[in-house]
Amino acid sequence: MSVAEAIKTETPAEKPEQVSHKITGKDVCVYYGDKQALFDVNLDVREKQVTSLIGPSGCGKSTFLRCINRMNDVIDGCRVEGEIKVDGTDIYRSGLDVVELRARVGMVFQKPNPFPKSIYDNIAYGPRIHGQASDSAELDQIVETSLRRAGLWEEVKDRLDNPGTGLSGGQQQRLCIARAIAVNPEVILMDEPCSALDPIATARIEELIDELREKFTIVIVTHSMQQAARVSQRTAFFHMGVVVEEGATSDIFTKPQDGRTLDYITGRFG
Amino acid sequence: MDSSVLIVTILILTLFGYWMGRSRARMLAGTEHLSVLHSLPSYHGSYVALWCGLPALLLVAAWLIFEPSLIEHIVVEAIPGARALEPAQLSLLIADIRNLTSGNIVSREIDPTLAAAGEHYNALQTISHAAMIVLTLAIAVYGLYLARKNQTRGFRARNRVEKIVRIVMVVASTIAILTTVGIILSLIFETLRFFEKVTVTEFLFGLNWSPQTALRAEQVGSSGAFGAVPIFAGTFMITGLAMIVAVPIGLLSAIYMSEYAGPKFRAVAKPMLEVLAGIPTVVYGFFAALTVAPFFRQTGEAAGLMVSSESALAAGMVMGVMIIPFVSSLSDDVMNAVPQSLRDGAYALGATQSETIKQVILPAALPGIVGAVLLATSRAIGETMIVVMAAGLAANLTANPLEAVTTVTVQIVTLLVGDQEFDSAKTLAAFALGLVLFVITLGLNMIALRVVRKYSEKYD
Ligand SMILES: Nc1ncnc2c1ncn2[C@@H]1O[C@H](COP(=O)(O)OP(=O)(O)OP(=O)(O)O)[C@@H](O)[C@H]1O
Ligand SMILES: [Mg+2]
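Residue numbers (the numbering used here), protein chains in the order written: chain A, 1 to 270; chain B, 1001 to 1460.
Just to be clear, a hint being listed does not mean it is correct.
Calculated pairs, DMTMM-like style, for lysine to aspartate or glutamate (alpha carbon to alpha carbon, straight line, at most 20 Å) [what the hints assert, rightly or not]:
| no. | chain 1 | residue 1 | chain 2 | residue 2 |
| --- | --- | --- | --- | --- |
| 1 | B | Lys-1264 | A | Glu-47 |
| 2 | A | Lys-26 | A | Glu-245 |
| 3 | B | Lys-1264 | A | Glu-138 |
| 4 | A | Lys-117 | B | Glu-1355 |
| 5 | A | Lys-35 | A | Asp-76 |
| 6 | A | Lys-117 | A | Asp-90 |
| 7 | A | Lys-85 | A | Asp-198 |
| 8 | A | Lys-85 | A | Asp-73 |
| 9 | A | Lys-35 | A | Asp-90 |
| 10 | A | Lys-111 | B | Asp-1111 |
| 11 | A | Lys-117 | B | Asp-1344 |
| 12 | B | Lys-1264 | A | Asp-73 |
| 13 | A | Lys-26 | A | Glu-192 |
| 14 | A | Lys-26 | A | Asp-76 |
| 15 | A | Lys-117 | A | Glu-144 |
| 16 | B | Lys-1358 | A | Asp-121 |
| 17 | A | Lys-215 | A | Glu-47 |
| 18 | A | Lys-85 | A | Asp-97 |
| 19 | A | Lys-85 | A | Asp-27 |
| 20 | A | Lys-157 | A | Glu-186 |
| 21 | A | Lys-26 | A | Asp-44 |
DEER-style ranges, computed between Cβ atoms [as the list claims (entries may be wrong)]:
| no. | chain 1 | residue 1 | chain 2 | residue 2 | range |
| --- | --- | --- | --- | --- | --- |
| 22 | B | Ile-1184 | A | Val-99 | 55 to 61 Å |
| 23 | B | Gly-1240 | A | Asp-198 | 42 to 48 Å |
| 24 | B | Ala-1269 | A | Gln-36 | 30 to 36 Å |
| 25 | B | Val-1283 | A | Tyr-92 | 51 to 57 Å |
| 26 | B | Ser-1035 | A | Gln-110 | 48 to 54 Å |
| 27 | B | Ala-1269 | A | Val-99 | 24 to 30 Å |
| 28 | B | Ser-1035 | A | Gly-169 | 41 to 47 Å |
| 29 | B | Ile-1447 | A | Gln-36 | 49 to 55 Å |
| 30 | A | Gln-110 | B | Ser-1042 | 41 to 47 Å |
| 31 | A | Ser-134 | B | Ala-1269 | 41 to 47 Å |
| 32 | B | Ala-1269 | A | Arg-93 | 30 to 36 Å |
| 33 | A | Asp-34 | B | Arg-1266 | 19 to 25 Å |
| 34 | A | Ser-134 | B | Met-1306 | 52 to 58 Å |
Interface residues of chain A toward chain B, partial, derived using beta-carbon atoms under 10 Å [stated by the list, open to error]:
| no. | residue |
| --- | --- |
| 35 | Gly-126 |
| 36 | Arg-179 |
| 37 | Val-244 |
Read the hints as simulated data drawn from the structure, not as lab findings. All C-beta atoms, glycine included, are put in the ideal place defined by N, C-alpha and C.
One chain only, chain B, in its complex shape (with noise of 0.2 Å):
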């Protein structure tokens, strides 16, 4: 049997044991009312289904996830002289074994020893897939069992099953909070490791950026500068220059939807203006590097002026088109959530529509609009694709929008493009890029959140 068709098999077993929890809660009942019952029959129904299914899913996984290495470490236990190995070649071995065994190419000659430990190996995964079937759907069906015989008119399924979900939730929210700190500790680590070779001080204030390092000793010209002033510089620019764009049309839009257009123009428009967010973002750089970029880059040129191919005004247009919907969409959220009674208070003492708009409106609405600026800030420093086709590769030093810049995120994928050796400092730098990136979109992205928390505060 296979492991999917186990786990199918079990599924069924639960679904069995849900009908069986629910009919025998029914007949517990018998013919008078069902609130003889302490539970209604679904609790029952789910009480016996997750008895069922749970502990043998649990082991399943369990089962899948610990058995090859234990496998292989009686495998290699067997085999003579096998523990004096290097990691290296250890696991060079390991691999062998298991190639032979699933008859794919081996790296060197079959000897007797690679042989017998191939079909240990085999023996032990077969006696292995056994137990666990026949383990799994033994627990399966005693848990149904024990899970029945505790079914009686008083049994308190209700809270029993309340409380597994609850469980069961906890272990999934874990689980995502695990995932976050292990990718935050692994930045912080390899962004340690990337200070071992370069020091903060360099990296945080140097004003030169050319991460080429050498990959022979003897070779010249390529002694790697990891000043990362003018990547960040450049993507403050670009940021910028999408805010210019994004935040004047964002927030005009919204005012004009939340306070002058009518529910229908707005059932639609509201709509539309969200599909901008939903233009995926390779498509929006090529349109910036294929069409806005040229268009710059001619009519530059017919007024007498320089810009360059991959200039940062088109890159940050681009984005600031991009970010339009969030700051519009959630500006317009939070100026419909003012008060009703505020806009009559100021009407009632003669304020005209404008009025009312820059006096009363637009001040309570202010902290959410703040933060829905913030939020599309954090969102333009961390776009990536855009940036990739349209702003240039070399790390500049201008303050000049007509000029190529480039961005970290641009640097993190070039790094991270190609062959390289994993702990080289071109790499690592990479993760100090993608550290800094991070503390500061999540530094934003606290101070929206508290703004926007502390303006919700007032109204409810």
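Pulled out of the complex, with its shape left as it was, chain A reads as follows (with noise of 0.2 Å):
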């Protein structure tokens, strides 16, 4: 299938007027110890909608990505400046509580990462943590909507008691879905969740990423333009540590604006 079918296809024509804004990025910049590797990125993501990161290998999409839930404190050496919001709140303005902001923005990887554990407690380890059932029949039943609406219930709803680790590597990225999910966050990061899986595997995600479009903020990095134009509403076109076009996804892909951005889409570099 190609780009432009993608779009004709599969993209739900935007509604112009219920504009708002989930995430506000301002000024970011990014550095890694004395490398910068974000310079002024403005971007803004929109409530309850898709937005993709495209752009070439080592472009800074997973540094922006990772710099919305503070994933960027865990790495020795990384510094974030500029400004960013979160439903209106600096999410790096001091006493800021950043496991909360976890449990607001989750996030899913690029390579399947369950815990070594049973199914049941992989899924239940973030509401464990935050104490968001007062009973084991809430419990539960955060297990089983979440599995559910991960399209995971179904297929392991015998063997909860199963480590995750058994799972093939769909179902398992399925199950970080699932993971994510259960602790009701806002915003869903995803960093090229689908890199790892066979086509079928992808087709089931991609999927499940409209559905859940339906409750959450998503944004996704991928490699894959036909992804992006499938399950993104936004686009964001990052390269060598700026956005160099941000849009609908549709005239992202038909009428970019950007000359550099024609020649990634149209696969003359990256």
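Taking the hints as your guide, dock the two standalone chains into a single complex.
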């Protein structure tokens, strides 16, 4: 399927009146030690929509994504400047509770990373540490709903006690998505969630992303332009640490404004 | 020519063979590119060198091993009436002949037969030595010649060399394995002999250990009791004390180093902790005996407690310090092997650092940590020097760590130090103790390795 076709068939038309920004990034600069990875990035993410970040390898997509739930804090020597707001609060202001932020902004990684625990405990992990279930019945309920939303319930409902690491790659990734939605976040960040999966598992995850859009704001990094076209409403094109272009997915792929975007989506570099 | 000179000569010949094979191969290639040869010139060189050196060196080794007994046999055969001698007398005779030829003191009058035998021995040795030199050098040169004759452009020197190298390695590992098997077998046989004198049940379940047996039949008061329970109890008590010190300190420092400390601190602290493992155990031993034990006794006295000057506590604590690095270093490694993606996953769900460590990293690393602790335990059980110096000799059956206890290793040392008959129950008891100790540590190591292996299957 070509990019243009994908847009025609899968991207729903946007309604311009309901623009509300969940995340706003202003003049974001990120440094790894002395090396600057992002240069004055200005990027807003709309609520209850899928925004995809595309661009050649090393251009800073993951770096930006990890800024949104402060996962960069874990990396030695990483420094973030500028301002990122989620629901209007600056998430880098001093005194902000990172634990609470991450409960609101969940993340799914490139490689499925289930904990070496049972399927049930994988899902229950987040609700437990945040005290979101008052009794075990409620926890059971959260686990079931999350697995159902991730489209995994039917496959695993009889073996919730088995280790999560024993599932197939695609199932593991859906388990990780279920784990992320179990804490009932508002935003889900996905860093190339399908790059380790086969086409069928990829299609399932893409379907899932489309369904999740109803409840969550989603930011996804992807290397597949077809995927960006299929699942996202907005697209931002990164190049060498700057956002070159941002707009409705259909516009980016059919009438890009910048020559670099055109070169990238037509496969001339990257 | 001395045998060492002979060996050096062969080695020089071998080097020469290498050089010759290599230059011959280069010559075969001529002005063309080296790829016209099946194997690179260095393989040709190695091939020639191996053929020159290996058979000759093997022959020298065999010669040096078998020559003495062969010559002795011939000499003894030549002495009239020697065959009728008892084995003990025969070996005395042989020793005398040897001493005579090497100019040492002889235990008897030098009669004509002995002198003749000595001369015979000397003559044979001279002949044999000359034969060895001539034969081995001939074989070396012949091997060199043969190998060189084989060299052609298409000659598969590489495959041959690889094969020979593989055989050499198989032989080396076989020797290592056979040695181990030999040690175990000798342990088992001596233990069986011990159990002819003392019953298995008495040894394993007896509560009384005093291995002083009577040297003379009429001696009183030393009947000997070989109940090993008190000394195993002592071993386990000291090991337990050591683990009480080593496991928490080792584990916590491993957690700190792998999860909290920055790379710079880690780079300094980890080698420093490992230095603890490099301190000779005898140093720990006198540290325990001269510093820690008196300290405990004085503190105990001040608190009104009876602390023996060779308390289990002192030995156990110092041993614990010694095995801290075993626990910390291995645990640190397994925790570092837990993939970063798992940490990221936990952090992304909003887990704090200590929650991540407790609920994700430690469970994931647990098999490795258990393995580390088991290896450290088996190390503590087998540790000798510290307990010889700091634990007592009396086989007390007690649960009080302030009293003196003794351990298996200490008892083995005391059983074998000093003069005794080789086949007395006292001496043989050492083998039985050694065997039990060996079985315990082997079991622990096997469990530990199995656990660690199971763990490492999960993440690669
Ligand atoms: N932990 C780190 N330490 C130092 N430099 C880093 C680190 N992570 C990323 N970088 C650098 O920052 C830049 C942006 O990296 P980033 O991972 O954001 O790229 P990306 O767009 O996600 O690439 P890809 O598509 O290959 O995943 C790169 O030049 C990279 O080398
Ligand atoms: Mg990336």
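The hints, checked one at a time:
1. About 43 Å separates the Cα atoms of Lys-1264(B) and Glu-47(A), which puts this hinted pair outside 20 Å; it is violated.
2. Our distance criterion of 20 Å between C-alpha atoms is met by Lys-26(A) and Glu-245(A), whose separation comes to about 15 Å.
3. Taking the CA atoms of Lys-1264(B) and Glu-138(A), the gap is near 46 Å; set against the 20 Å cutoff, the hint is violated.
4. Proximity of Lys-117(A) to Glu-1355(B) is assessed by CA-CA distance (about 15 Å); at most 20 Å being required, the pair is judged to hold.
5. Proposed proximity of Lys-35(A) and Asp-76(A) is supported: the alpha carbons are some 13 Å apart, at most 20 Å.
6. The straight-line distance between the Cα atoms of Lys-117(A) and Asp-90(A) is roughly 35 Å, outside the 20 Å bound, and the hint therefore fails.
7. Under the criterion of a C-alpha separation no larger than 20 Å, the hint pairing Lys-85(A) with Asp-198(A) is inconsistent with the structure, at around 35 Å.
8. Distance restraint check for Lys-85(A) and Asp-73(A): the Cα-Cα separation of roughly 16 Å lies within the 20 Å cut-off, and the hinted pair is therefore satisfied.
9. A distance of roughly 24 Å separates the Cα atoms of Lys-35(A) and Asp-90(A); the hinted pair therefore is violated under the 20 Å criterion.
10. Distance hint between Lys-111(A) and Asp-1111(B) is unfulfilled; the C-alpha atoms sit about 90 Å from each other, more than 20 Å.
11. Distance restraint check for Lys-117(A) and Asp-1344(B): the Cα-Cα separation of roughly 16 Å lies within the 20 Å cut-off, and the hinted pair is therefore satisfied.
12. Simply put, Lys-1264(B) and Asp-73(A) have alpha-carbon atoms about 18 Å apart, close enough for the 20 Å limit, and the pair holds.
13. A C-alpha spacing of about 24 Å is found between Lys-26(A) and Glu-192(A), which places the hinted pair above 20 Å, so the restraint is violated.
14. For the proposed pair Lys-26(A) and Asp-76(A), the alpha carbon gap of about 23 Å is over 20 Å, so the pair is violated.
15. For the given pair, Lys-117(A) sits about 17 Å from Glu-144(A) by alpha-carbon distance, which is consistent with the 20 Å threshold.
16. About 14 Å separates the Cα atoms of Lys-1358(B) and Asp-121(A), which keeps this hinted pair within 20 Å; it holds.
17. Distance restraint check for Lys-215(A) and Glu-47(A): the Cα-Cα separation of roughly 9 Å lies within the 20 Å cut-off, and the hinted pair is therefore satisfied.
18. Distance hint between Lys-85(A) and Asp-97(A) is fulfilled; the C-alpha atoms sit about 14 Å from each other, no more than 20 Å.
19. With a CA separation close to 12 Å, the supplied pair Lys-85(A) and Asp-27(A) stays within the 20 Å bound.
20. A C-alpha spacing of about 26 Å is found between Lys-157(A) and Glu-186(A), which places the hinted pair above 20 Å, so the restraint is violated.
21. Distance check on the hinted pair: Lys-26(A) and Asp-44(A) sit about 8 Å apart at the alpha-carbon level, within 20 Å; holds.
22. In this structure the supplied range 55 to 61 Å holds for Ile-1184(B) paired with Val-99(A), their Cβ-Cβ distance being about 56 Å.
23. The beta-carbon spacing between Gly-1240(B) and Asp-198(A), approximately 53 Å, falls outside the hinted interval of 42 to 48 Å.
24. Remark: the range hint 30 to 36 Å for Ala-1269(B) to Gln-36(A) is upheld by a beta-carbon distance near 32 Å.
25. Our hint of 51 to 57 Å for Val-1283(B) and Tyr-92(A) holds, since their Cβ atoms are close to 53 Å apart.
26. Against the hinted window of 48 to 54 Å, the Cβ-Cβ separation of Ser-1035(B) and Gln-110(A) comes to about 44 Å, which falls outside the hint.
27. In this structure, Ala-1269(B) and Val-99(A) meet the distance hint of 24 to 30 Å, their C-beta atoms being roughly 29 Å apart.
28. Taking 41 to 47 Å as the suggested C-beta distance range, the pair Ser-1035(B) and Gly-169(A) conforms, at roughly 44 Å.
29. The hinted window of 49 to 55 Å between Ile-1447(B) and Gln-36(A) holds, with their beta carbons roughly 52 Å apart.
30. A C-beta distance of roughly 45 Å is found between Gln-110(A) and Ser-1042(B), which places it inside the suggested range of 41 to 47 Å.
31. In this structure the supplied range 41 to 47 Å holds for Ser-134(A) paired with Ala-1269(B), their Cβ-Cβ distance being about 43 Å.
32. Our hint of 30 to 36 Å for Ala-1269(B) and Arg-93(A) holds, since their Cβ atoms are close to 35 Å apart.
33. For Asp-34(A) paired with Arg-1266(B), a C-beta distance near 22 Å keeps the hint of 19 to 25 Å intact.
34. Take Ser-134(A) and Met-1306(B): their Cβ atoms lie about 56 Å apart, and the range 52 to 58 Å holds.
35. The beta carbon of Gly-126(A) is positioned within 10 Å of a beta carbon in chain B (closest approach about 4 Å), and the interface hint is therefore held.
36. For the restraint placing Arg-179(A) at the interface with chain B, the shortest Cβ-Cβ distance is roughly 7 Å, inside the 10 Å limit, so the hint holds.
37. For Val-244(A), the interface hint is violated, the least distance from its beta-carbon to any beta-carbon of chain B being 28 Å, above 10 Å.
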